[in-house]
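Protein chains in written order, with my numbering: chain Z, 32 to 147; chain S, 94 to 209.
These are calculated hints, taken from the structure and not from any lab test. It should be emphasised that the depicted structure is a prediction, and the values quoted were computed from it without experimental measurement. Do not rely on the hints blindly, as some may be mistaken.
As the list claims (entries may be wrong) - Think about it this way: if two alpha-carbon atoms lie no more than 16 Å apart in a straight line, the pair counts; the simulated EDC-like pairs of lysine to aspartate or glutamate are: (1) Z/Lys53 / Z/Glu97; (2) Z/Lys80 / Z/Glu95; (3) S/Lys113 / S/Asp158; (4) S/Lys134 / Z/Glu39; (5) S/Lys134 / Z/Asp40; (6) Z/Lys108 / Z/Asp126.
Chain residues, written in single-letter form:
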Amino acid sequence: AQSVAQPEDQVNVAEGNPLTVKCTYSVSGNPYLFWYVQYPNRGLQFLLKYITGDNLVKGSYGFEAEFNKSQTSFHLKKPSALVSDSALYFCAVRDEGGAGRRALTFGSGTRLQVQP
Amino acid sequence: GAVVSQHPSWVICKSGTSVKIECRSLDFQATTMFWYRQFPKQSLMLMATSNEGSKATYEQGVEKDKFLINHASLTLSTLTVTSAHPEDSSFYICSASGLLGKQPQHFGDGTRLSIL
Chain Z
32 AQSVAQPEDQ VNVAEGNPLT VKCTYSVSGN PYLFWYVQYP NRGLQFLLKY
82 ITGDNLVKGS YGFEAEFNKS QTSFHLKKPS ALVSDSALYF CAVRDEGGAG
132 RRALTFGSGT RLQVQP
Chain S
94 GAVVSQHPSW VICKSGTSVK IECRSLDFQA TTMFWYRQFP KQSLMLMATS
144 NEGSKATYEQ GVEKDKFLIN HASLTLSTLT VTSAHPEDSS FYICSASGLL
194 GKQPQHFGDG TRLSIL
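Starting from the given sequences, assemble the full structure and let the hints guide the process.
Here's what the structure looks like:
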């Protein structure tokens, strides 16, 4: 079984400050990890993924995430937050088996609020 | 990037009506499509996994006779909510995946279903 934990329901940060949204995962094999963002009444937009390779992955809109195997974490980060980054963020995982036929398991989501 | 189109974006209808939601992959062949349901301020709940040309696999607790899924082609899957009732009101989101598991799932913009 696979699972994802996002321990913070909400993260508040001032514009221009760095932000971190936390995610830890559990999966039986090697993990494929993803971050998505959701704006009100919209679907999910893909931000970035970790499959293999460098532990620090860079994605859309200046976001990056660091894969830490020993801590089973994949925290989302951005050096300088923008008000427009305010949204709901989901971390997701699946194991490497099953090709594209296996569904992602999502965390509970973290609402990011960036104050001007 | 890959685009998934979901239609309609908003439906309001009377109790007892059946509602069909379409999910199309516009620029890639989706061997697998997933249907999710999202309650307010909650994460995505996987309802079913649909592989092209075969019967959908439903998650535990999801009524297959209530939520009919068809995936007749590599670019189209439909979810029909039969004899909808107010408790079926929710935000439904589809996603599509190609054969390669390393690629992210791409999400539609969701359908807000309101049953009166």
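Quick rundown of the hints versus the structure:
1. Z/Lys53 / Z/Glu97: Holds, because 10 Å separates the two Cα atoms, which is no more than 16 Å.
2. Z/Lys80 / Z/Glu95: Satisfied, since the Cα-Cα distance of roughly 9 Å is no more than 16 Å.
3. S/Lys113 / S/Asp158: Roughly 14 Å separates the two Cα atoms, so the pair holds.
4. S/Lys134 / Z/Glu39: Holds, at roughly 13 Å.
5. S/Lys134 / Z/Asp40: holds (10 Å)
6. Z/Lys108 / Z/Asp126: The hint is violated at about 23 Å.
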